[in-house]
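Chemist: Each chain, written out:
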Amino acid sequence: MLKFEDRLVELRPGETVLEALERAGIDAPSSCRSGNCQTCLHRAVEGVPPPESQVGLTQGQKALGFFLPCVCLPTSPLTITRPDNVGARRDAVIRAIEPLAPNVIRLRVDADDFAYRPGQFLELVVDGDLRRHYSLASHPEEDPFLEMHIRLHENGRMSRRLGEFKPGDRLHVAGPSGTCFYEGVHADQRLLLIGAGTGLAPLYGVLRDALKRGHLGPIRLYHGARSRDGLYLDEELKALSRTLAHVDYRPCLLDPDAPAGGDVAATALHAEQDVKDCAIFLCGGENLVRRLKRDFFMRGVSMKNIRSDAFTPSG
Amino acid sequence: MSNLYERLGGENAVNAAVELFYRKVLADGRIAQFFDGVDIDQQIAKQKSFLTMAFGGPNNYTGADMRNAHKRLVAKGLNDSHVDAVIENLNYTLRDLGVPEKEVKEVAAIAHSVRDDVLNR
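So the sequence lines, in the order shown, correspond to chains G and B. Here the first sequence is numbered in our numbering, starting from 1 and rising by one per residue. Here the second sequence is numbered in our numbering, starting from 1001 and rising by one per residue.
Rather than coming from a laboratory, the hints here were simulated on the basis of the structure. Just so you know, not all the hints are guaranteed correct.
[What the hints assert, rightly or not] Below are the PhoX-like pairs computed for lysine-lysine, each with C-alpha atoms no more than 25 Å apart in a straight line: (1) G:K3 - G:K62; (2) B:K1102 - G:K62; (3) B:K1046 - B:K1071; (4) B:K1046 - G:K304; (5) B:K1076 - B:K1024; (6) G:K304 - B:K1024; (7) B:K1024 - B:K1102; (8) B:K1024 - B:K1105; (9) B:K1024 - G:K276; (10) G:K62 - G:K304; (11) G:K238 - G:K212; (12) B:K1071 - B:K1102; (13) B:K1105 - B:K1076; (14) B:K1046 - G:K276; (15) G:K304 - G:K212.
[Unchecked claim] Restraint ranges, calculated between C-beta atoms of paired labels, are given here: (16) G:E46 - B:N1120: 40 to 48 Å; (17) G:L8 - B:P1100: 49 to 57 Å; (18) B:N1120 - G:R299: 32 to 40 Å; (19) B:S1002 - G:A245: 50 to 58 Å; (20) B:N1003 - G:R294: 47 to 55 Å; (21) B:E1006 - G:R242: 52 to 60 Å; (22) G:S227 - B:E1006: 57 to 65 Å; (23) B:L1020 - G:D112: 45 to 53 Å; (24) B:N1003 - G:D129: 32 to 40 Å.
Idealized CB from N, CA, C, for every residue including glycine.
Pulled out of the complex, with its shape left as it was, chain G reads as follows (with noise of 0.2 Å):
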C-alpha cells in the first residue's frame, strides 16, 4: 500500500515509486530515474523504504527516512510526503525567553509530542502568518522544552513581536527538518564544529547529543563572533572544556587586522590542516558555510563527512 501524504496512490506490481506518483498525477520532479541525481528524494513518514532506494543518501537523510522514488520498489506500506513538508503545526508555549548576549534571545518553547534530533530546525510559527526557522540547542532526551538562539534585528517584524513575548504565550511549531545532527559519525572519530553566530545553537546541540551518545573522539568547537558579548557561552563552554579532556573550545573574536580575515573560518582553516577523516558540522551565514565545506573538501574530506546548516537571513 503506498499514500502520498493522506491520498491513497496505486501501485502496480513492478512498478517504482516515482511512476505510481506520475500516473496518480502527483507532480513529482525527476531525471536521471536510476537512483543517482537525488532529483526525486522524498520521505518516507510510516514504513520503511528498501535500502537499495536509499543508496547513496547521507547517514542522517536514511534516519529520517528519505529515499529515492525513482529506485523504490515498496516491500511493506508506505506513506510518504514531499522532502520539504515540516509537518501539521503544533501548539507551543513560552516557557523562558530571555537575553543571551547584545540582540540574541534565548527562547525555550514547550511543545507536546515534538521529536527531534539536536542540531535540526524547526519552523517557529507566530500570528497565523509569521514564520521562521530557527535551530534547536536542545537535547530530547534532557530537557523538556525547546530550545532557540536568536538573534534579534532592528526592523525584523518576528524579532519585534519576539521582543513583546513574554512566558505563557502561545504561538506554533512544525517540523523538524535539517540533517546536521549527530548520525553516521564513529565515536572516535574527531569531530569539529565549526559556528557563528547563533549558528552555535545546532552545533551545542550536536555537542551534547555527541556526549550523550559516548562519543570518544576529540571533539573541537569553534565559535565565532563579532564582539565580546557575541561569544554567549563562553563561561559554559569554558567549563565543559575544563571537565571534558576531549573537549576542547575554541572562541574566535573577529580579528580586522589579522593577514586571513581574522574570522572564524580563517582561524579554522589555518588551525585544520589535517581534517581528512574528520567529521565536519558547519553552521552560519550562507557564505561562511559555503567557504568552509569547498575548502574542507578540497582537503580531502569526503563529503558524507561533512554537515552542514547555512542561515539565511530574516528579521
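We have chain G already, so just place chain B on it with the hints.
Modeler: Positioned in the frame of chain G, the structure of chain B alone reads:
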C-alpha cells in the same frame, strides 16, 4: 566479455571516482568559474549520475536534462575547450584509480558523445 560498467566495478567505481573527479574539476582554473556558488552536495549527486552514464551504467539519458542543465553556462561562454578540460580531468581521475587505458578511452568516448547536448547545439 562483461560490459564496460561491470569491468570498471559498477557503482563502487562511481563512488570511488566522483569526489576525486569533482576535486580536480574545482581545482582546474580553466573551468572552476562555472561552478562558482554551486552547492557541492547537489553537484556531487549530479556528477554521480553523469559518471554512471559515462561508465556505461544504468541510466535514462535523454539529452534534454543535459541541455537544460548547461543552458545557463553556455550563455556564460561554455565551449568545446571547457568540455575538453572536463574529459581530461575524467581521464586523470580514472588513471589515478588504476583503470586500464582501454577503459579510459571507452569512458572518454561516451563523455564525448554528449558534447553537443552539453553545448546546446
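Chemist: Take the hints in turn and mark each one as holding or not.
Modeler: Here is how each hint holds up against the structure:
no.: 1; hint: G:K3 - G:K62; verdict: holds (19 Å)
no.: 2; hint: B:K1102 - G:K62; verdict: violated (37 Å)
no.: 3; hint: B:K1046 - B:K1071; verdict: holds (16 Å)
no.: 4; hint: B:K1046 - G:K304; verdict: holds (15 Å)
no.: 5; hint: B:K1076 - B:K1024; verdict: holds (21 Å)
no.: 6; hint: G:K304 - B:K1024; verdict: holds (18 Å)
no.: 7; hint: B:K1024 - B:K1102; verdict: holds (22 Å)
no.: 8; hint: B:K1024 - B:K1105; verdict: holds (19 Å)
no.: 9; hint: B:K1024 - G:K276; verdict: holds (17 Å)
no.: 10; hint: G:K62 - G:K304; verdict: holds (12 Å)
no.: 11; hint: G:K238 - G:K212; verdict: holds (18 Å)
no.: 12; hint: B:K1071 - B:K1102; verdict: violated (32 Å)
no.: 13; hint: B:K1105 - B:K1076; verdict: violated (29 Å)
no.: 14; hint: B:K1046 - G:K276; verdict: holds (23 Å)
no.: 15; hint: G:K304 - G:K212; verdict: holds (22 Å)
no.: 16; hint: G:E46 - B:N1120: 40 to 48 Å; verdict: holds (43 Å)
no.: 17; hint: G:L8 - B:P1100: 49 to 57 Å; verdict: holds (52 Å)
no.: 18; hint: B:N1120 - G:R299: 32 to 40 Å; verdict: holds (35 Å)
no.: 19; hint: B:S1002 - G:A245: 50 to 58 Å; verdict: holds (53 Å)
no.: 20; hint: B:N1003 - G:R294: 47 to 55 Å; verdict: violated (35 Å)
no.: 21; hint: B:E1006 - G:R242: 52 to 60 Å; verdict: holds (56 Å)
no.: 22; hint: G:S227 - B:E1006: 57 to 65 Å; verdict: holds (60 Å)
no.: 23; hint: B:L1020 - G:D112: 45 to 53 Å; verdict: holds (48 Å)
no.: 24; hint: B:N1003 - G:D129: 32 to 40 Å; verdict: violated (55 Å)
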